[in-house]
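Here the numbering used here is used: the first residue of the sequence shown is 369, the next is one more, and so on.
Calculated from the structure, these hints are not laboratory results.
Result set (DMTMM-like, lysine to aspartate or glutamate): computed pairs, CA atoms no more than 20 Å apart in a straight line:
#, residue 1, residue 2
1, 634, 623
2, 581, 711
3, 721, 623
4, 703, 904
5, 581, 724
6, 634, 714
Every value quoted in this text rests on a predicted model; they were computed, and no experiment measured them.
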Amino acid sequence: MESLALHCSFAAAAATTTTPFSLSPGISLHFRSTPIPKSPPPSIFPPSSSFPALRSPLNSLLFSPLPKRRNPLLFLTRATSQNGKDPPPQTTPPPPPQGAKLLPFLISISIGLIVRFLIPIPVEVTLQAWQLFAIFLSTITGLVLSPLPVGAWAFLGLTTSIVTGTLPFTTAFGAFTNEVIWLIVISFFFARGFVKTGLGDRIATYFVKWLGKSTLGLSYGLTLSEALIAPAMPSTTARAGGVFVPIIKSLYLSEGSRPGDPSSRKLGSYLVQSQFQASTNSSALFLTASAQNLLCLKLAEELGIIILNPWVSWFKAASLPALVSLLLTPLILYKFYPPEIKDTPDAPAMAAKKLEQMGPVTKNEWIIVGTMLLAVTLWVCGDTLGIPSVVAAMIGLSMLLLLGVLDWDDCLSEKSAWDTLAWFAVLVGMAGQLTNLGIVSWMSGCVAKSLQSLSLSWPVAFVVLQASYFLIHYLFASQTGHVGALYSAFLAMHLAAGVPGVLAAMALAYNTNLFGSITHYSSGQAAVYYGAGYIELPDVFKMGFVMAIVNAIVWGGVGTLWWKFLGIY
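All chains should be built: construct the whole structure from the sequences, respecting the hints.
If you want it as structure tokens, here you go:
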């Protein structure tokens, strides 16, 4: 999915725009702001001033004490005193402190200095490689601790690699022409088109109309609708904040289920938790359903793992385990995290009324449908036609611009896309140079010797490494950051342990999606769903762990048997 950057698109807009949902402006440094679309679709529900604001996500700095939970029942009404006079004007809060946070900055820099000057350089590693490794570790530590916003910190790491003579300028900036990174950037623009036209909202509302007579049916309708739009809306965070949270919010408020209140367990908690947990499998089902999927395959390619016809190969391998998990998730949570309201007979009528007020499908929605069908067709048949995936995406974006669905201001204001371009390119570039300079092969060799000393067979090593890769994510607040930091190293360890290359690359990539719901900071969609105010923090960790076990059983059991049948290993 994907980093937390896109979540801020909805958080920042809530401070200035009346929308069917709103996020508190207190956001993490991992986030970026993007204006809300200009013309939101009509709604049958009360104006946003009557809705409770979403809880702001936890600051993503690790190892810091949890803040006190805010009261989510905040209404955007004008305050007046009892005598009818206007209250005194509120003072403007002081601006936040500028510059780097001192403690995270010192820790991040210290890691690199210790590695560079205090740890002896291994004989198999050159000085240039070791120096780049130290800079890379400092960069990754800073992405976790956030002394500066991620884009700014990545730029500092890039600058350091050039100033110290570790990398020449052209090599350091080489990844900015990476096709996969530009495909990820364009995917943000596609997601904006879905939100701006209201097409994603319309599709999800149809599923509520068809399956919404019971709470369990509602959950299945929302889950299936996300799986349907996922391949053409390549951002789990955009799907969460732009489509599903507003719809779920309308449903649970209509049943008197309010955040921060015992009534939240009537309906809202279950729907939010179910959609949150199911979103990871929707992202794993399609190559283009989440940004980190594309990055994984690019990093695998740099280690010599080439997956032919990647879109089709990805879908075939993911189809059975992902669909099984998607079908199990609402049912398991219905048993372990049950809603108080079991039947929702009014939901289909509400959805039908909303669809009536939305009117017929607009011209721009049809353009989005046609463009996405063309893009997905080119992604599926790209190898046969000789059209790379990024070129297919460029064709789709060009059509949206030419036909007026998006304008260039929409693209320019999508700050999360440009920020992603900056820090993704830095991480991918450094990771590629670490591979070229031999650091990754040296690390994998050390791990291979350790595994050989334990006499582990490759299937056992596969399980150990996959579990380690998954559990380490408790220390990360970004799926894409996790990929940039650890995917190449873990893939090299798999190869050194004798694990078949395609199996290792695909399993790590699927795993990257599955750990997106284990905590309230594990992904962009985690911040959105937790910010809705319906899930208590202990429940996030508890249900995240339960569903992690379920996914491990499904993907480790059904998945590996399916992959054996497909001949992946």
